[in-house]
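In this text, residue positions in the sequence shown follow the working numbering: the first is 24, and each later residue adds one.
Take the hints with a grain of salt, since some may be wrong.
[As the list claims (entries may be wrong)] Cβ pair distances, simulated, as ranges:
id : residue 1 : residue 2 : range
1  : Gln79     : Gly57     : 49 to 55 Å
2  : Gly57     : Glu182    : 40 to 46 Å
3  : Arg206    : His84     : 17 to 23 Å
4  : Thr140    : Met203    : 15 to 21 Å
5  : Glu145    : Asn62     : 15 to 21 Å
6  : Gly57     : Asp139    : 24 to 30 Å
7  : Leu197    : Gln77     : 20 to 26 Å
[Unchecked claim] Below, in silico cross-link-like pairs of lysine-lysine (BS3-like), each with a Cα-Cα straight-line distance of 30 Å or less:
id : residue 1 : residue 2
8  : Lys153    : Lys200
9  : Lys195    : Lys138
10 : Lys153    : Lys103
11 : Lys166    : Lys138
12 : Lys126    : Lys175
13 : Lys81     : Lys190
14 : Lys175    : Lys103
15 : Lys166    : Lys153
16 : Lys138    : Lys176
17 : Lys195    : Lys126
18 : Lys138    : Lys200
19 : Lys195    : Lys81
20 : Lys195    : Lys166
21 : Lys166    : Lys126
22 : Lys195    : Lys148
Rather than coming from a laboratory, the hints here were simulated on the basis of the structure. Quick reminder that beta carbons are idealized off the backbone N, C-alpha and C, glycines included.
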Amino acid sequence: MKSTPLYIFILMLIFMTSCSESSTSSFPYDIPQGQDPQNTTYYFLRHAEKDTSQPQEKDPHLTEEGLRRANYMAAYFADKDLDLFYSTDYSRTLQTLIPIVHKFEGTIQSYNAQKDTLFTEEFWKETYGKNVIVVGHSNTNPKFVNQIISEKKYQDLDESNYDVFFKVEVEKDLSVKDSMITREVPEDFTYN
24 MKSTPLYIFI LMLIFMTSCS ESSTSSFPYD IPQGQDPQNT TYYFLRHAEK DTSQPQEKDP
84 HLTEEGLRRA NYMAAYFADK DLDLFYSTDY SRTLQTLIPI VHKFEGTIQS YNAQKDTLFT
144 EEFWKETYGK NVIVVGHSNT NPKFVNQIIS EKKYQDLDES NYDVFFKVEV EKDLSVKDSM
204 ITREVPEDFT YN
């Protein structure tokens with residue numbers, strides 16, 4: 024009977040080991056060669072409200088409400104220590120990102136939303152250890168987040184939903200935390 028506690032202990036140890044192995048990250052890339060382990064944070068922000076008054080317009084600008092939201096998001100991100108800024112080459116995404124970039128005196132880097140993925144090994148190496156904002160679209164942002172987390176968790180955003188953005192944190196050990204954040208523009212928010 025004395026071996027029963029030892030047997031139970033061994034079973035518990037095996038169970039705990041198998042549980043911790045199943046929770047390891049399935050992150051697609053390694054820490055870039057020559058780099059120390061660092062945290063990397065991505066924010067995926069959809070462009071603000073676009074002008075839909077002319078449906079044939081392929082590259083609409085932001086509405087006044089969209090400009091207001093872009094400036095509100097600039098205030099929101101002001102304390103996030105952003106390092107890198109990515110946008111598609113559309114007026115609505117650039118107009119959303121410009122107020123944010125202005126606060127950091129940064130430079131906008133362009134990416135092609137038509138590609139299958141933004142999250143390539145090259146992108147990972149360029150952004151490793153940084154705080155990165157990517158301004159995209161209702162269908163591209165969830166796709167990019169899903170690629171980073173290696174899971175089809177998020178669906179395309181509704182075309183009328185401008186309040187949601189995503190945050191993905193890749194920890195030093197390459198474990199990943201993701202969240203969907205909702206930020207409504209307060210009615211009393213004004214900008215210059």
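Q: Please flag the earlier hints that this structure goes against, numbers listed from lowest up.
A: 7, 12 and 19
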